[in-house]
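Novice: Taken in order, these protein sequences are the chains called A and B.
When the letters of the first sequence are read in order and numbered with our numbering, they come out as residues 1 to 226.
When the letters of the second sequence are read in order and numbered with our numbering, they come out as residues 1001 to 1226.
Everything labelled a hint here was simulated from the structure, so no lab data went into it.
Any given hint might turn out to be false.
[Claimed, not checked] Chain B residues, not near chain A, derived (Cβ > 12 Å throughout): (1) ARG1018; (2) ALA1093; (3) SER1167; (4) MET1203.
[To be verified] Not everything, but these chain B residues come out facing chain A in the computed CB check (under 7 Å): (5) PHE1110; (6) SER1111; (7) THR1123; (8) ASP1161; (9) ARG1199; (10) PRO1206; (11) ILE1207; (12) ALA1214; (13) ILE1224.
C-beta: ideal position from N, C-alpha, C; glycine also.
Number of protein chains: 2
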Amino acid sequence: MKIAVLGTGTVGRTMAARFADLGHEVTIGTRDPEATLARTDQDALGNPPFATWAVDHAQVPLVTFAEAAEQADLVVNATNGGVSIDVLNQAGAANLAGKVLLDIANPLDFSQGFPPTLFVKDTDSLGEQIQRAFPDVKVVKTLNTMTAALMADPALAAGGDHSVFVSGDDADAKKTVIGLLQELGHTDVIDLGDLSTARGTEMLLPIWLRLMGALGTPMFNFKIAR
Amino acid sequence: MKIAVLGTGTVGRTMAARFADLGHEVTIGTRDPEATLARTDQDALGNPPFATWAVDHAQVPLVTFAEAAEQADLVVNATNGGVSIDVLNQAGAANLAGKVLLDIANPLDFSQGFPPTLFVKDTDSLGEQIQRAFPDVKVVKTLNTMTAALMADPALAAGGDHSVFVSGDDADAKKTVIGLLQELGHTDVIDLGDLSTARGTEMLLPIWLRLMGALGTPMFNFKIAR
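Working from the sequences, and respecting the hints, build out all of it.
Specialist: Okay, structure coming up:
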């Protein structure tokens, strides 16, 4: 499948590399490819500059958000929630129309420090905001409830024995996304229902962040035991 | 231990019966014991009237909130979140002072129908509201993330292989509550930290409710796989 990953942070890099390893034709989108490649500093989380990653992942071209979206069958939103709508506007509604948008972003607001709060919650969600802003896109919210390494390779924690949630209004789009999740190695995919159920998964972030503190690692995930 | 369970709904009945079975001296508190015993109708969830339950649980006296709290070493808040502060006022700050309050209530607002929203979230929690209203009580938030049957007997789902969270500002109070949780059969008790971490567990309710819909049963729980 032709997959565009929007966002060059940890989530974007991890998902782009993994989808390419699985044999998909992947591009990674950024605002300004030259500027992204020119950066030589680590990011706030201590990740090496993108150019370093790009050397090891020559099969994943870095292009603009619009170029990435235009070529793709499926688009992955791996941006920070606070800039997601802006990034998708740069990708272009026409380039996104009719496509599946696998939305991983969380509506985290770090403006008051740590722990972040949520800039939308409970009666609305970022997934729904994106769907309203781009009505011709098929938004499927998923993977936003675990750390990037486990999104791409769930076996890295508890042998992969944990759950991933899917929310979306389009049944075929969810089917496509569920297929991709299974390719990644996710064995317990729970379809929560329509996109409003993304309120529930986005609201998992506060306990996720506290668990990371209590456990001293991000390498855990929610399993729905039943 | 002398335990007062405030609330005669499903959670209150289930926890009172279980603590009594475990050998604790339990009372169950209500606004007006005569009125509670006089009711002959089922509640909104189809539970039999309290008087029916009381016949089978003669070892658990029904008393007023204040009488229950006064006699107890530890008080369990098993009321609806919307009335918790009112109920605790009826129990009386003096009767609660210095005691551990095991707080199970969730801030659910059903005024707009199903699914409910949360009347406090993200930057505050019901647990913290209770702690501020009753500064001499040691609030420990726990058990609010699963159905009543599993609070009392975790082995009823997945052989008990799932997690329970604890949030509170008083280390000794948390130790007491963790001991009770272990008596109930909880094997993975995760201390999230101070009471502000209850924001995270209370915000699990939206996905819990959607999971109940997707799975068609409340007999599941979150396990933190790691």
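Novice: With reference to the structure, classify each hint as holding or not holding.
Specialist: For each hint, the structure was consulted:
No Cβ of chain A comes within 12 Å of the Cβ of ARG1018(B); the nearest lies about 20 Å off, and the non-interface call holds. Against the 12 Å criterion, ALA1093(B) stays outside the reach of chain A, whose nearest CB is about 29 Å from its own CB. Under the 12 Å C-beta cut-off, the non-interface status given to SER1167(B) relative to chain A is violated; the minimum distance is some 8 Å. Remark: the non-interface label on MET1203(B) conflicts with the geometry, its nearest Cβ contact in chain A lying 4 Å away (cut-off 12 Å).
Hint on PHE1110(B) is violated. Least Cβ distance to chain A is approximately 14 Å, over the 7 Å limit. Below 7 Å, beta-carbon pairs count as interface contacts, and SER1111(B) has none with chain A, the closest being about 12 Å; its hint is therefore violated. With its C-beta approaching chain A no nearer than about 6 Å, THR1123(B) sits inside the 7 Å limit, and its interface hint holds. A distance limit of 7 Å between C-beta atoms decides the matter here; for ASP1161(B) the minimum to chain A is near 6 Å, and the interface restraint holds.
The restraint placing ARG1199(B) at the interface with chain A holds, with a minimum CB-CB distance near 5 Å, inside the 7 Å limit. For PRO1206(B), the interface hint holds, the least distance from its beta-carbon to any beta-carbon of chain A being 4 Å, beneath 7 Å. Residue-level restraint check for ILE1207(B) holds (minimum Cβ-Cβ distance to chain A is 3 Å; threshold 7 Å). Checking ALA1214(B) against chain A by beta carbon gives a least distance of about 5 Å; that is within 7 Å, so the hint holds.
Residue-level restraint check for ILE1224(B) holds (minimum Cβ-Cβ distance to chain A is 5 Å; threshold 7 Å).
Checked against the numbered hints given earlier, the structure breaks hints 3, 4, 5 and 6 and satisfies all the rest.
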